[in-house]
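As a plain string of letters, each chain reads:
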Amino acid sequence: AQKVTQAQTEISVVEKEDVTLDCVYETRDTTYYLFWYKQPPSGELVFLIRRNSFDEQNEISGRYSWNFQKSTSSFNFTITASQVVDSAVYFCALSETSGSRLTFGEGTQLTVNP
Amino acid sequence: NAGVTQTPKFQVLKTGQSMTLQCAQDMNHEYMSWYRQDPGMGLRLIHYSVGAGITDQGEVPNGYNVSRSTTEDFPLRLLSAAPSQTSVYFCASSYSTWNGYTFGSGTRLTVV
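Chains as they are written, first to last, in the working numbering: chain D, 3 to 116; chain X, 323 to 434.
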């Protein structure tokens, strides 16, 4: 069975600080897909990134970056120079090729204070 | 605009009542899913579908029924609502398992 763990329930930082959100996953598949979603206070779920298990290159998109390490089964998300608008719940999720479902972590509530 | 449409946005039910949460997508996605979100538990899969006429149970299917008669629609039925079903419900669709899912705006359901 697949599982996603986000050990950080809540994180609070001051604006302009860098922050890393941790994600650890478990799966028996050799091919799988990892995702990050953002849920702002308005409640919608916003897709941020997808990474497949064969691509371990780190990715950077503006202030966002993702570090995928198969050796430690981790897919961590870093926000550089955080802003108040980054305040949200962030979910890590896993999809195996054998199924048609996303398994979500419990989420990390990020609060960026001015 | 293309996307996933959920109705209603808010609903209050009395214990024992039944209702259907509607979900429609206009992106011709084969994969559709229903999740419920509860505090501290992330999103948990209720039921999913890989195409018209094909559905399967997810992690927490008890108390819910689904059907998929068309590619566009995937309604979720609560046959006899219970307070434990108080939650926020999200419908999602995707072109494939490896694509990111598009989520609806959610339905906040309260059962009293």
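Be aware that a few hints might be false.
What the hints assert, rightly or not - Computed beta-carbon distance windows for the label pairs:
1) X:Pro383 <-> D:Glu46: 41 to 47 Å
2) D:Ala3 <-> X:Asn387: 23 to 29 Å
3) X:Asn421 <-> D:Glu46: 16 to 22 Å
4) D:Ser73 <-> X:Thr327: 40 to 46 Å
Claimed, not checked - Sample of chain D residues lacking proximity to chain X, with all beta carbon distances greater than 12 Å (derived):
5) Gln8
6) Thr11
7) Asp20
8) Asp24
9) Glu28
10) Leu47
11) Ile51
12) Arg52
13) Asn60
14) Gly64
15) Ser89
16) Gln111
17) Thr113
18) Pro116
Since the hints were made in silico from the structure, they are not lab data. Glycine included, every Cβ here is placed at the ideal spot set by N, Cα and C.
Going through the hints against the structure:
Checked against the hint of 41 to 47 Å, the C-beta distance between proline 383 of chain X and glutamate 46 of chain D comes to roughly 25 Å, which is inconsistent with it. In this structure the supplied range 23 to 29 Å holds for alanine 3 of chain D paired with asparagine 387 of chain X, their Cβ-Cβ distance being about 24 Å. For asparagine 421 of chain X and glutamate 46 of chain D, the hinted distance range of 16 to 22 Å is satisfied, since their beta carbons lie about 18 Å from each other. Separated by about 42 Å at the C-beta atoms, serine 73 of chain D and threonine 327 of chain X satisfy the suggested range of 40 to 46 Å.
Its closest Cβ contact with chain X, about 8 Å, brings glutamine 8 of chain D to no more than 12 Å, contrary to its assignment away from the interface. Taking the minimum C-beta to C-beta distance to chain X, about 7 Å, the non-interface status of threonine 11 of chain D is violated against the 12 Å cut. Every C-beta of chain X lies more than 12 Å from that of aspartate 20 of chain D, the closest at about 25 Å, which supports listing it as non-interface. Against the 12 Å criterion, aspartate 24 of chain D stays outside the reach of chain X, whose nearest CB is about 14 Å from its own CB.
With 12 Å as the threshold on Cβ separation, the claim that glutamate 28 of chain D sits away from chain X holds: the shortest Cβ distance comes to roughly 15 Å. With a least CB separation of 4 Å from chain X, leucine 47 of chain D falls inside the 12 Å interface cut-off, contrary to its annotation. Some Cβ of chain X comes within 12 Å of the Cβ of isoleucine 51 of chain D; the nearest lies about 8 Å off, and the non-interface call is violated. Not every Cβ of chain X is farther than 12 Å from the Cβ of arginine 52 of chain D; the closest lies at roughly 5 Å, contradicting the non-interface assignment.
Every CB of chain X lies more than 12 Å from the CB of asparagine 60 of chain D, the least distance being 19 Å, so the non-interface label holds. No Cβ of chain X comes within 12 Å of the Cβ of glycine 64 of chain D; the nearest lies about 18 Å off, and the non-interface call holds. Against the 12 Å criterion, serine 89 of chain D stays outside the reach of chain X, whose nearest CB is about 17 Å from its own CB. A cut-off of 12 Å between C-beta atoms contradicts the statement that glutamine 111 of chain D is not in contact with chain X; the least separation is 10 Å.
Listed as outside the interface, threonine 113 of chain D is consistent with that label: its C-beta sits roughly 16 Å from the nearest C-beta of chain X, beyond the 12 Å cut-off. Taking the minimum C-beta to C-beta distance to chain X, about 26 Å, the non-interface status of proline 116 of chain D holds against the 12 Å cut.
In this structure, the hints that do not hold are numbers 1, 5, 6, 10, 11, 12, 16, in rising order.
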